[in-house]
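Participant: Listed here are the chains, written in short residue letters.
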Amino acid sequence: MSSITSIQRLRASASVQRKFSIGVRLIIAVFLIIFSIFPVLWVISASLNPTGTLATQKLIPDNPGFGNYRELLNLEQFPFWTWFGNSLKIASITSVISLSITTVAAYAFSRFRFRGRQTMLKAILLINVFPGLLALVATFLMISQIGDVIPFLGLGNHTSLILVYLGGAMGVNIWLMKGFLDTIPRDIDESAMVEGATDWQIFTQLILPLLRPILIVVAILNYIGTYGDFVLARVLLRSNEQYTLMVGLQIFAGAQFQQRWGVFAAGALIGALPIMIIYLALQDQIVGGLTQGAVKG
Amino acid sequence: MASTASRDILKVSPTSTIPFVPRLLRLAILIAIDVFVVWLLNRLVALGFFPLAAAFLIITIFVNVVILRKEAYPIRWMVVGLVLMALFTIYPIIFTIWVAFTNYGESHLITKQQALDQFLNEKYLPEAGKAYTWTAFKSDAGDYTLWLTDADGNGYLATPGEPLIQPQPGELGVGELDAKGIPATIEGYQRLNAILAATDKSLPDILFGEAGKTIQVRSPTEAAELLPLYIYDSAQDAMINQETGIAYKNLRGTFTSSAGQSLRPGFIESIKLNNFRDFFISPALRGPLVQLITWNFAFAILSLLFNFFLGLAIAILFNDPDFPLKKLIRSLLIIPYTVPALITILIWRGMLNPDLGVISRAIQSLFGWSPSWFTDQWWAKIAILLVNLWLSYPYFMLICSGALQSIPQDIYEAALVDGASPWQKFRKITLPLLLVAVGPLLIASFTFNFNNFNLIYLFNAGGPPIAGTPTPAGHTDILISYVYNLAFSGARGVNYGFAAAITIIIFFIVGAITLFQFRYTRMWEEVGENV
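Chains as they are written, first to last, in my numbering: chain F, 1 to 297; chain G, 1 to 531.
I should point out that these hints are in silico values taken from the structure, not numbers from a laboratory. Any given hint could turn out to be false.
[To be verified] 16 Å max Cα-Cα, derived EDC-like pairs, lysine to aspartate or glutamate: (1) G:201 <-> G:143; (2) F:19 <-> G:322; (3) G:130 <-> G:150; (4) G:112 <-> G:269; (5) G:213 <-> G:200; (6) G:180 <-> G:200; (7) G:428 <-> G:410; (8) G:327 <-> F:148; (9) G:138 <-> G:237; (10) G:180 <-> G:150; (11) F:19 <-> G:320; (12) G:326 <-> F:284.
[As the list claims (entries may be wrong)] Partial list, derived from the structure: chain F residues whose beta carbon lies under 7 Å from chain G: (13) 25; (14) 31; (15) 37.
[Unchecked claim] With beta-carbon atoms standing in for the labels, derived distance ranges: (16) G:412 <-> F:259: 50 to 60 Å; (17) G:511 <-> F:12: 55 to 65 Å; (18) F:65 <-> G:363: 24 to 34 Å; (19) F:126 <-> G:240: 49 to 59 Å; (20) F:187 <-> G:437: 28 to 38 Å; (21) G:61 <-> F:194: 31 to 41 Å.
Glycine is no exception: its CB is placed at the ideal position from the N, C-alpha and C atoms.
Please put together the full structure from these sequences, using the hints given.
Facilitator: Written as structure tokens, this is what we have:
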């Protein structure tokens, strides 16, 4: 047996092996995909199921229709669209303000040299290690105390909720943003400075346009985090019309889960949709941001 | 730091170039802020919120320094962010520590001074006290004065803050007396008829006569000289009941008599390490707490292992640049990650519903039996791990496939030459190199799961409940959900102090793990190089 034919044989068997292995892996992939999308399909099906209860649901409903979505509009006790609007509003405001504050601060950390700079950066990182959830009781008491003096910053108020979100959003984002800013060459700033531009002009007109990719990632991570928050909103908000979607869905689930499973599914689907679309459309950017240390919360 | 030396060319810009008008505007805004804070501090101190007042004071001084001093120019760029962080992230941490050493909670919500004021306002009618019949007069300005008649028929004029007087008709504007000995008119005042006087809401609260011998309206017919019911004895820190002579001593923020009777409300007071002592040695709490902590660790560790290894397995399986439909498969597999966690958890709650949920029904039809996911403690735990697996494996899949791609291929080729088996390659090359890359994220994920409140609370609210615990606790409760129940559920009375103490204990656990992470990953050195 010559060595050439043996190599050919080896190659042939390797290629068969490879095809076999890809086939097995595709089968595994199918099972994994079923595991990962079954709940989502189940909810889509439930939302289209006209009988609308948990017990009567099949994967492909008998007379699919949008009855559950219509019912969602008319629930007096559960103002779904108000909740949805609240969530979108709070997440948007938080995300925009937090982005502006963080960007300006990160710019200063990246471009200016001042005493205590390193200490401050490290302190911000360290404070961020403390899980915000742990300060929940204190945050609640604090907002309740502030509310005794300034009612519109007290409990049961979107403003105070947004402020608490803003206070918690500084840490990771500043590091992410500063890391990106450090990669922008300083020659750009320096040449502008020679021309007599002020820091503010350099920042707004030169640096900001270059920051667009990271701005999008930070804004979106922030938006998703705020939109998905449950516990702060649950503790700080007080009335049905103020609740965010996450709080509202939890209350709805507690009250009418089994009888109105279809309506709940419709609501859950609409609530999940904005975030799912963002994730799937911007997969690559978000994955990049994630691996830098953000854990889904 | 030689590598960054070249960056230090940029100097802080001089602020003197800022035109006059913006500077004036800045000063005006600062003054407005200061005025507002002074007003705020005043109110906060009056209400007894001292820690919050101190926080506002320190933050305001910081803001003033930053705005007024030229050297602080770079800080001005970040002052809004720092103020928000100080107020809503740092202050709550410090306040948590303060609360942990107090009895803050139900029936201990006000300061000692506020409680004292409340008790010292309480009055009683001594046996020797004098009772009168009364007639009220009201001025146009809303001031009141009383005409009192004692049992002997003597008439008195009682005005708030002044001693009783016994005027004759004609003196001090007092008009002619009627048949009952009551003046028909008093100059400047209007006589109230019996019905108006009886329904007047402010009248019973007014103290007539001089301090210490005040007279109050007690009923539509009677006014009496009342004495304070309690006197505070600061030497023994006790309230003395003047009517019965019983001393109520301050016991952990409640005035309590030796017979065990207590005065409500209690007040906030430092109880030193008592909350922590309760945590560690209270026999009633020990049982459920040991159980809770064990499950808390088991949950975090098992979640991490399951989620990580499933994610890793998938990443390895599809870590092949030529794999068909790779992009599509990845998009479908990360779907669980894209659904907001809360919605996922609620959906799983529906699917696992014991009688009606699809999974329970499927198992039922296959085996004629289905697990009680919510009422049996072991099945509840399994369900939580399963839901968490679904929630989190895509995250690990993503970070593992990223890390796998960064492992240089020539190491594998070298291993192939040496005749290493696939298992050896995985064990000796892939796993160690991967752990270096994703190690910090694994630890972050552990601490996240250690405090995964949403999952525990939304899936089953920590249930099924553990029987016979002094405060409500469930078999799947972790420390943070237990804290939530203590502080907000109010089933047996909220206890913020104890909740804060447990929070601090959690912090020490999380802190120790994080410190280990910093050591392990030499993160500080990296931080040092990057700044």
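Participant: Determine for every hint whether it applies to the structure shown.
Facilitator: Hints versus structure:
no.: 1; hint: G:201 <-> G:143; in the structure: holds (13 Å)
no.: 2; hint: F:19 <-> G:322; in the structure: holds (12 Å)
no.: 3; hint: G:130 <-> G:150; in the structure: holds (8 Å)
no.: 4; hint: G:112 <-> G:269; in the structure: holds (7 Å)
no.: 5; hint: G:213 <-> G:200; in the structure: violated (23 Å)
no.: 6; hint: G:180 <-> G:200; in the structure: violated (22 Å)
no.: 7; hint: G:428 <-> G:410; in the structure: holds (14 Å)
no.: 8; hint: G:327 <-> F:148; in the structure: violated (54 Å)
no.: 9; hint: G:138 <-> G:237; in the structure: violated (42 Å)
no.: 10; hint: G:180 <-> G:150; in the structure: holds (12 Å)
no.: 11; hint: F:19 <-> G:320; in the structure: holds (13 Å)
no.: 12; hint: G:326 <-> F:284; in the structure: holds (14 Å)
no.: 13; hint: 25; in the structure: holds (5 Å)
no.: 14; hint: 31; in the structure: violated (11 Å)
no.: 15; hint: 37; in the structure: holds (5 Å)
no.: 16; hint: G:412 <-> F:259: 50 to 60 Å; in the structure: holds (57 Å)
no.: 17; hint: G:511 <-> F:12: 55 to 65 Å; in the structure: holds (59 Å)
no.: 18; hint: F:65 <-> G:363: 24 to 34 Å; in the structure: holds (30 Å)
no.: 19; hint: F:126 <-> G:240: 49 to 59 Å; in the structure: holds (51 Å)
no.: 20; hint: F:187 <-> G:437: 28 to 38 Å; in the structure: holds (33 Å)
no.: 21; hint: G:61 <-> F:194: 31 to 41 Å; in the structure: holds (38 Å)
Checked against the numbered hints listed earlier, the structure breaks hints 5, 6, 8, 9 and 14; every other hint is satisfied.
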